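Visitor: Got chain A sorted already, so can you dock chains B and C onto it with the hints?
Residue numbers (my numbering), protein chains in the order written: chain A, 1 to 301; chain B, 1 to 283; chain C, 1 to 338.
One should not assume that every hint holds.
[Unchecked claim] Here are the computed lysine-lysine pairs in the BS3-like style, where the Cα-Cα straight-line distance is at most 27 Å:
{"id": "1", "chain 1": "A", "residue 1": "Lys213", "chain 2": "C", "residue 2": "Lys204"}
{"id": "2", "chain 1": "A", "residue 1": "Lys29", "chain 2": "C", "residue 2": "Lys191"}
{"id": "3", "chain 1": "B", "residue 1": "Lys137", "chain 2": "B", "residue 2": "Lys118"}
{"id": "4", "chain 1": "A", "residue 1": "Lys125", "chain 2": "C", "residue 2": "Lys199"}
{"id": "5", "chain 1": "A", "residue 1": "Lys29", "chain 2": "C", "residue 2": "Lys204"}
{"id": "6", "chain 1": "B", "residue 1": "Lys82", "chain 2": "C", "residue 2": "Lys251"}
{"id": "7", "chain 1": "A", "residue 1": "Lys125", "chain 2": "C", "residue 2": "Lys29"}
{"id": "8", "chain 1": "A", "residue 1": "Lys119", "chain 2": "C", "residue 2": "Lys28"}
{"id": "9", "chain 1": "C", "residue 1": "Lys332", "chain 2": "A", "residue 2": "Lys29"}
{"id": "10", "chain 1": "A", "residue 1": "Lys48", "chain 2": "C", "residue 2": "Lys285"}
{"id": "11", "chain 1": "C", "residue 1": "Lys176", "chain 2": "C", "residue 2": "Lys191"}
These are computed hints drawn from the structure, not numbers from a lab.
These figures come from a predicted structure and were not determined experimentally.
One-letter residues, chain by chain:
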Amino acid sequence: MKEITNKLQEIAARLFNEGKIDVFLAWEKGEHDFQTKSYAARNVDDVKNIVFNEYTIYNVSNALLKFRDSQDRIGIAVKGCDSRGIVRLLEDLQITRERLYIVGIPCPGLKDPLAAARKHGGLGKKEEPESLAKKCLECIQPNPVIYDELIGPEQTPRQQGDRFAAVRELEAMTPDERYQFWEDTLSTCIRCYACRQVCVACDCRTCIFDEMKPQWVGRETNTTDNMMYHLVKHAHMAGRCIDCGECERVCPVGIPLMLLNRKLIKDVAELFGGPEAGMQYVEGAKPALSVYRENDPDEFI
Amino acid sequence: MTDKDHKCTCNEQPLVPKVVEVIDIIDRTPDVKSFFVKNPGDSGLPFQVSPGQCAMVSMPIGEAMISCTWQEEQEYLEFAIKRVGLLTDELHQIEAGQQIGLRGPYGNGFPVEACKGKDMVFIAGGIGLAPLRSFIKYCFKHREDYGKITILYGSRSQADLCFKEELFELWPQEANTEVFVTIDNPEPDWDGHVGFVPAYLEELNPNPAGAVAVVCGPPIMIKFVLQSLEKMGYQDDQVITTLEMRMKCGIGKCGRCNIGSEFICLDGPVYYLAQLRNLPPEW
Amino acid sequence: MKVLRKAKLDEALNLLNEAHEVFVPMQKKAQSGYFPWSSFISGQDELMLEALNVYQSPKGVVLPQTEKMYRYRQGGMEIKIEETFEDSHPTIIFGARACDVKGILAMDEVFLTRGYEDSFYKARRSKNTIIANACYEPGPNCFCQAMEVDCLNPAGADVILRDGGDAYVWEVKSEKGEAVTAAIAGLLEEKEAALPQPKPFTQKVDYSGVAEKLKTMFDHPLWDKLAEPCVNCGMCTYVCPSCYCFDIQVKMWGEEGYRFRAWDSCMFEEYSREAGGGNPRGASKERFRQRFLHKLQFFTERYGTPLCTGCGRCMIVCPTDVNIVRIIEAIKEAEVND
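The shape of chain A in the complex, shown without the other chains (with noise of 0.2 Å):
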């Protein structure tokens, strides 16, 4: 980790001096050392705060939507599934290819710097031993797909067994079990909207749940409104999710937000084939609902 800490900040001092950039993002350690922000470096002297440590899990690639109306030319350092995001954010036209110089680190996995933080704050339940965070256990593509410099030996993907297991368990289920599972989750959403902020596929300049005219879902936090947006929100992202879990990371109720994108990703890939949102930068391409095909499958319309 040292080395890709020491070999980043090298880069980006680089970019600097040679006027390449204006800005650089990545991370930089935070509070406690289990902890770290995203960081925009903004000159050679603010790069010796970059570092890659096994908490460095945040999406960076979210960061860059702050950037979508500036003209700064910016070097990102993305790891696997934060590549994914600036392909999903290429591919939604809300950044250009031309402004990003991509520095790719393969990820051996990291830690969750909000369980670290829960367990060393003494909120709540004591929690295990820390182990890598549970996306990153699910990983299917820790090395970035779309890069200018790539740093550090490439890694295998660490997803075990089905990675739709529990999918086919929610599937198995009768439609009134599967309900009951639903509410009872979904009714513990307390509407904190964090979901949607660390998501880096909602890059919708007025988000459809901030609109007033017309409202289309309600405030309360009641089963009805609270599947509501759930359901829309994640209908949003099918064949848009880029599979990075920062959703379900960050919820303060530990609502199992993956199990409704995982079953997304299986039926778009099921019904429209193709490659997995994000997993290539192709110029032109467009997410699978994006594009109209007389053959598109409609036996569930």
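Guide: For chains B and C alone, coordinates are given in the frame of chain A:
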């Protein structure tokens, strides 16, 4: 800010509206209507207002804080409402006889006592004339308490001029009163002044000695008028304006209408410029 | 002193639950917060009175996430308000830490003073009793002391519990406290209990002078730097024991409907968005600044005490490690012109 003892005269449940009846509706401009309101069955007013106070007009679709026009004979409450959003859209479609909800009166109102003996310079733009109209009517009702009255009003176009009858017929008739009206761009059947309010104000240059300027209008107009008034020699304690922010509760609880530690719904919306200088420049 | 042996805790909670809805800090599967004791499922849920605190604060007991206000019916030209929903069923918050109690006291200032009493809040709060849990060992993120909170003697509590090992010392502080004590009088014993030695705070922060200094720092460039990592997710406002901003909205179908209020957050983009489209706090940095100024300056100016209670939760839940203690330090160190 003074910790005034607000008496919500509607009831002990300040967030629950009273039901009132719209007894009449008059078109003022293509997107402004005046709504006249009384208790249902024509049985008096839900509450009294002092000039500059507002009320939360409440319909099922939403609520909005609207300035309530003070009337000499307090026979009805009048709200001059511009169509800008969900609620106002709905309001513009109702007919006389419709019941709506109302809660108030809210806000601190204009300092009508403190301004006695002064020359009054009223500067308004667009729908901003509606709150000032309260103060203007109050001054005319108590004419001997106030000095010279100057009214400067501007709007986008002739069609957008509110309260034309007052502007062109009633107010110019009052003693020691001058009314100046301007529109933004020339129009074929308009032979009045053409130009923006701040520039016209500097042209007219009303004397700051012993005067108070009261300003209301779109934020951008207020900004430039305040700059002009400063140039013309008005001190901060001679300038009064009204602020606006998004409001929900109207009683200083929900948190959103604050500028600094002031809640515009409760402590405002009327402020002396001297007070505003102590607040964060979010207005 | 009066003590309640921990072995009798379940019994005490059941007794109290007869005339009140008792809320206790609980781990309920993945959730950590204050839940009704009556919803406790043995073997699945865990009572968290021994832990430092729980994820979600007890503010939801007096200011629920969602709360109906009144129901109306509209027929033709008429509107009728058919029912107002004032909930005054008695509640007890059992085991709240001083930081959380301060949060509720701060909300009392907001909802019950300055000319208007919020009738919905008043109904709930007037029947709410707080049994607080004194803190002898601050956590690594705690800084309540710096924010005018005494964790050993939670101000505003009706009863204070003190953890004496195998029993809680039961200290009655008010009339409401007397009333609930009467309910479990049979379980209390007169005994001396050895109380732990209070441990010092490991997190040092100096809030003095911050509110004053912030008056001059609205346009200070430090906000750009501090706000950079923030993604405006709103988690900080939801777990905060003293954040109280709410939205008022309506649910309607045909001619009927009800108005309700729900927690809102200054972090959300449409928080200050006006009907005409203007938004004084449209940018992320502006909303970020509003939150911290409210916590550290505006509330202090208006009510004489800071709104941040030093519980440390926001620092634990923030996905990008925004840290209010670091922000306070940055403010203290910042250079201000004139």
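Visitor: Hint by hint, note whether the structure agrees.
Guide: The hints, checked one at a time:
1. Pair hint Lys213 of chain A plus Lys204 of chain C does not hold up; C-alpha atoms about 47 Å apart against a cutoff of 27 Å.
2. Only pairs whose Cα atoms come within 27 Å are accepted, and Lys29 of chain A paired with Lys191 of chain C is rejected, the gap being roughly 50 Å.
3. Restraint check for Lys137 of chain B and Lys118 of chain B: satisfied, since their Cα atoms lie roughly 16 Å apart, inside the 27 Å limit.
4. Annotation: proposed proximity of Lys125 of chain A to Lys199 of chain C holds, straight-line Cα distance about 21 Å (limit 27 Å).
5. Between Lys29 of chain A and Lys204 of chain C the CA atoms are separated by roughly 20 Å; this keeps the pair inside 27 Å, and the hint holds.
6. Note on Lys82 of chain B and Lys251 of chain C: the hinted pairing holds, with a Cα-Cα distance of about 25 Å set against a maximum of 27 Å.
7. Simply put, Lys125 of chain A and Lys29 of chain C have alpha-carbon atoms about 10 Å apart, close enough for the 27 Å limit, and the pair holds.
8. For a cut-off of 27 Å, the pair hint linking Lys119 of chain A to Lys28 of chain C stands: about 17 Å separates their Cα positions.
9. Under the criterion of a C-alpha separation no larger than 27 Å, the hint pairing Lys332 of chain C with Lys29 of chain A is consistent with the structure, at around 21 Å.
10. A hinted pair counts as satisfied when its Cα atoms are at most 27 Å apart, and Lys48 of chain A with Lys285 of chain C qualifies at roughly 25 Å.
11. Restraint check for Lys176 of chain C and Lys191 of chain C: satisfied, since their Cα atoms lie roughly 23 Å apart, inside the 27 Å limit.
Checked against the numbered hints given earlier, the structure breaks hints 1, 2 and satisfies all the rest.
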